[in-house]
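*Asks:* Join the two chains, each given in its own frame, into one complex according to the hints.
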Amino acid sequence: GENVEQHPSTLSVQEGDSAVIKCTYSDSASNYFPWYKQELGKGPQLIIDIRSNVGEKKDQRIAVTLNKTAKHFSLHITETQPEDSAVYFCAASLGTGGFKTIFGAGTRLFVKA
Amino acid sequence: DTGVSQNPRHKITKRGQNVTFRCDPISEHNRLYWYRQTLGQGPEFLTYFQNEAQLEKSRLLSDRFSAERPKGSFSTLEIQRTEQGDSAMYLCASSAIAKNIQYFGAGTRLSVL
Numbered sequence: 029g030e031n032v033e034q035h036p037s038t039l040s041v042q043e044g045d046s047a048v049i050k051c052t053y054s055d056s057a058s059n060y061f062p063w064y065k066q067e068l069g070k071g072p073q074l075i076i077d078i079r080s081n082v083g084e085k086k087d088q089r090i091a092v093t094l095n096k097t098a099k100h101f102s103l104h105i106t107e108t109q110p111e112d113s114a115v116y117f118c119a120a121s122l123g124t125g126g127f128k129t130i131f132g133a134g135t136r137l138f139v140k141a
Numbered sequence: 011d012t013g014v015s016q017n018p019r020h021k022i023t024k025r026g027q028n029v030t031f032r033c034d035p036i037s038e039h040n041r042l043y044w045y046r047q048t049l050g051q052g053p054e055f056l057t058y059f060q061n062e063a064q065l066e067k068s069r070l071l072s073d074r075f076s077a078e079r080p081k082g083s084f085s086t087l088e089i090q091r092t093e094q095g096d097s098a099m100y101l102c103a104s105s106a107i108a109k110n111i112q113y114f115g116a117g118t119r120l121s122v123l
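If you read the protein sequences in the order shown, they are chains A and B. The opening position of the first sequence corresponds to residue 29 in my numbering, with each subsequent residue numbered one higher. The opening position of the second sequence corresponds to residue 11 in my numbering, with each subsequent residue numbered one higher.
Looking at chain B on its own, in the form it has when it is part of the complex (with noise of 0.2 Å):
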């Protein structure tokens, strides 16, 4: 069990461009969340997945934003044209059908310039 990884763990980009991040749950694991994370605050939930299927999305997920798992495995968030506010930690986590424990990838860190 290799845990949840997200790459890259930093990204510097400046305004205007786009990024894409990229998690890779736990094998067996099902459903996938994303989330953001400001400083000196809890983790803000912006979708989720079970298997391929994108089954909720928060109010905090603008146009601009987008999430796939293609084929139920890995996934990834694209962000277009990147403002300074989207600067934050990006974190996944994957859980099992099972339990609603979900473990988390140590994020990717974005800063928008």
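Just chain A, with the same shape it has in the complex (with noise of 0.2 Å):
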């Protein structure tokens, strides 16, 4: 069945210096991929998503890369603040047509001052 394999599951970083997570999904019909912070006792909250017909995204210090072909997807975080830790979820889905958003187990990020 599909699947969306994330890695890694922890990542410390000293504050200033980047953090980059990666995603691998296995269903190629997939088009749409969002990202989720997850702080403690709060739901997901959508940071940047990015869709199949493009393969970078940027939104100030967040980025997000996509490769089609392999199936896999990044995200960048530049000049991280303790403010950016938390749990980090991908995910993967349909779009429109088909909604199941299937989610990667998380990383949790550790931004060190």
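Don't take every hint at face value.
Label pairs and their computed distance ranges (CB to CB) [said to hold, decoys possible]:
| hint | chain 1 | residue 1 | chain 2 | residue 2 | range |
| --- | --- | --- | --- | --- | --- |
| 1 | A | Gly69 | B | Gly82 | 27 to 37 Å |
| 2 | B | Arg74 | A | Gln109 | 42 to 52 Å |
| 3 | A | Lys86 | B | Ser68 | 27 to 37 Å |
From the structure, some residues in chain A lie toward chain B, with a derived Cβ separation under 10 Å [as the list claims (entries may be wrong)]:
| hint | residue |
| --- | --- |
| 4 | Ser37 |
| 5 | Leu74 |
| 6 | Phe117 |
| 7 | Cys118 |
| 8 | Ala119 |
| 9 | Ala133 |
| 10 | Gly134 |
Taking lysine-lysine and the BS3-like style, the derived pairs with C-alpha atoms no more than 30 Å apart in a straight line are [stated by the list, open to error]:
| hint | chain 1 | residue 1 | chain 2 | residue 2 |
| --- | --- | --- | --- | --- |
| 11 | B | Lys67 | B | Lys21 |
| 12 | B | Lys109 | A | Lys86 |
| 13 | A | Lys96 | A | Lys65 |
| 14 | A | Lys140 | A | Lys50 |
| 15 | A | Lys128 | B | Lys21 |
| 16 | B | Lys109 | A | Lys85 |
| 17 | A | Lys140 | B | Lys21 |
| 18 | B | Lys24 | A | Lys70 |
| 19 | A | Lys50 | A | Lys96 |
| 20 | A | Lys99 | B | Lys81 |
| 21 | B | Lys109 | A | Lys65 |
| 22 | B | Lys109 | B | Lys81 |
| 23 | B | Lys67 | A | Lys50 |
| 24 | A | Lys96 | A | Lys140 |
| 25 | B | Lys67 | A | Lys70 |
| 26 | A | Lys85 | A | Lys140 |
| 27 | A | Lys99 | A | Lys85 |
| 28 | A | Lys65 | A | Lys86 |
| 29 | B | Lys67 | A | Lys128 |
| 30 | B | Lys81 | A | Lys70 |
| 31 | A | Lys70 | B | Lys21 |
| 32 | A | Lys128 | A | Lys85 |
| 33 | A | Lys99 | B | Lys109 |
| 34 | A | Lys50 | A | Lys85 |
| 35 | B | Lys81 | B | Lys21 |
| 36 | A | Lys128 | A | Lys99 |
| 37 | A | Lys85 | A | Lys65 |
| 38 | A | Lys96 | B | Lys21 |
| 39 | A | Lys65 | B | Lys21 |
| 40 | B | Lys109 | A | Lys50 |
No wet-lab data here; the hints were simulated from the structure. For every residue, glycine included, the Cβ atom is placed at its ideal position computed from N, Cα and C.
*Replies:* Laid out in structure tokens, this is it:
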């Protein structure tokens, strides 16, 4: 069945450094790839997303890249800050026409001040 | 826009009891999703509604689970004869037809003793 694998499970960086989280997906029909940030006691919050018709998208310190051929996508956070510390989830879905979203297992990011 | 609201935030129950959770989506969103999240894992899809119609159900949704969205607005998720394995965070999300961008509530944490 559909599967999304996410690595690493834990990532610790120094404040100001970059953080990269990588995901692979199995369903080649997937065409929408959101990234969520989840803080303790809260639901996941969308931070950036990318659709299959683009290879890269950037929003301030956050960027996402997509390689449809290899079926993998990545989240890049530059100039990390302590408030970036949280659990990050990648996900893949079929977008319009199919709405089941498959999430990765999450990456716990620690940003050390 | 008040966001997705879930009640209660926490529920403690004894094994064998029935529990019901409520989700109020963002008002103009006609799609509503239920997920289950266990510690250290990403959200797992349970079921999805478009307006009042339940269009998809996961294999995870055993016959003890039932979800409704009678008027196409709020939704309820009921678990009958709860088991300890049902202990988890139950998340609700909503989206608009035009975009498959899901906005999550803060979740209901269920503890079955």
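*Asks:* The structure should be examined with respect to each hint, and the outcome stated for every one.
*Replies:* Outcome of the hint check:
Between Gly69(A) and Gly82(B), the C-beta spacing of about 30 Å keeps the proposed range 27 to 37 Å intact. Restraint check, Arg74(B) to Gln109(A): a C-beta distance of roughly 44 Å satisfies the suggested window 42 to 52 Å. For the pair Lys86(A) and Ser68(B), the supplied restraint of 27 to 37 Å holds, since their beta-carbon distance comes to about 34 Å. Taken as an interface hint, Ser37(A) checks out: its beta carbon lies about 8 Å from the nearest beta carbon of chain B, inside 10 Å.
Against a cut-off of 10 Å between C-beta atoms, the interface hint on Leu74(A) holds, since the closest Cβ of chain B lies about 6 Å away. Taking 10 Å as the C-beta cut-off, the interface hint given for Phe117(A) holds, the closest approach to chain B being about 5 Å. Taking 10 Å as the C-beta cut-off, the interface hint given for Cys118(A) holds, the closest approach to chain B being about 8 Å. Nearest Cβ of chain B to the Cβ of Ala119(A): about 7 Å, under the 10 Å cut. The hint holds.
Taking 10 Å as the C-beta contact cut-off toward chain B, the hint placing Ala133(A) at the interface holds, the least distance being around 5 Å. Using the Cβ-Cβ criterion of 10 Å, the hint placing Gly134(A) at the interface with chain B is satisfied: the shortest such distance is roughly 5 Å. Using a Cα cut-off of 30 Å, the hinted pair Lys67(B) and Lys21(B) holds, with the two alpha carbons roughly 24 Å apart. At most 30 Å may separate the alpha-carbon atoms for a hinted pair to count; Lys109(B) and Lys86(A) meet this at roughly 19 Å.
Using a Cα cut-off of 30 Å, the hinted pair Lys96(A) and Lys65(A) holds, with the two alpha carbons roughly 23 Å apart. Between Lys140(A) and Lys50(A) the CA atoms are separated by roughly 21 Å; this keeps the pair inside 30 Å, and the hint holds. Straight-line distance between C-alpha atoms of Lys128(A) and Lys21(B) comes to about 26 Å, which keeps the hinted pair within the 30 Å bound. This hinted pair checks out: Lys109(B) and Lys85(A) have alpha carbons roughly 17 Å apart, not beyond 30 Å.
Under the criterion of a C-alpha separation no larger than 30 Å, the hint pairing Lys140(A) with Lys21(B) is inconsistent with the structure, at around 34 Å. Between Lys24(B) and Lys70(A), the direct Cα distance comes to roughly 25 Å. Compliance with the 30 Å bound is thereby established for this hinted pair. The hinted pair formed by Lys50(A) and Lys96(A) meets the criterion: a straight-line CA distance of about 14 Å does not exceed 30 Å. The hinted pair formed by Lys99(A) and Lys81(B) fails the criterion: a straight-line CA distance of about 39 Å is larger than 30 Å.
Restraint check for Lys109(B) and Lys65(A): satisfied, since their Cα atoms lie roughly 19 Å apart, inside the 30 Å limit. As the CA atoms of Lys109(B) and Lys81(B) are separated by approximately 22 Å, the hinted pair is consistent with the 30 Å bound. With a C-alpha separation of about 28 Å, the suggested pair Lys67(B) and Lys50(A) falls inside the 30 Å cut-off, and the hint holds. For the given pair, Lys96(A) sits about 33 Å from Lys140(A) by alpha-carbon distance, which is inconsistent with the 30 Å threshold.
In summary, the hint linking Lys67(B) to Lys70(A) is supported, as the alpha carbons are separated by about 25 Å, within the 30 Å threshold. This hinted pair checks out: Lys85(A) and Lys140(A) have alpha carbons roughly 26 Å apart, not beyond 30 Å. This hinted pair checks out: Lys99(A) and Lys85(A) have alpha carbons roughly 16 Å apart, not beyond 30 Å. This hinted pair checks out: Lys65(A) and Lys86(A) have alpha carbons roughly 16 Å apart, not beyond 30 Å.
Taken as a hint, the Lys67(B) and Lys128(A) pair is honoured in the structure, with Cα atoms around 9 Å apart against an allowance of 30 Å. At roughly 27 Å between alpha-carbon atoms, Lys81(B) and Lys70(A) fall within 30 Å of each other, so this suggested pair holds. With a C-alpha separation of about 16 Å, the suggested pair Lys70(A) and Lys21(B) falls inside the 30 Å cut-off, and the hint holds. About 23 Å separates the Cα atoms of Lys128(A) and Lys85(A), which keeps this hinted pair within 30 Å; it holds.
For the given pair, Lys99(A) sits about 22 Å from Lys109(B) by alpha-carbon distance, which is consistent with the 30 Å threshold. For the suggested pair Lys50(A) and Lys85(A), the alpha carbons sit about 15 Å apart, so the restraint of at most 30 Å is met. About 25 Å separates the Cα atoms of Lys81(B) and Lys21(B), which keeps this hinted pair within 30 Å; it holds. This hinted pair checks out: Lys128(A) and Lys99(A) have alpha carbons roughly 18 Å apart, not beyond 30 Å.
Distance check on the hinted pair: Lys85(A) and Lys65(A) sit about 17 Å apart at the alpha-carbon level, within 30 Å; holds. For the proposed pair Lys96(A) and Lys21(B), the alpha carbon gap of about 42 Å is over 30 Å, so the pair is violated. Taken as a hint, the Lys65(A) and Lys21(B) pair is honoured in the structure, with Cα atoms around 24 Å apart against an allowance of 30 Å. Distance restraint check for Lys109(B) and Lys50(A): the Cα-Cα separation of roughly 24 Å lies within the 30 Å cut-off, and the hinted pair is therefore satisfied.
The earlier numbered hints that this structure contradicts are 17, 20, 24 and 38.
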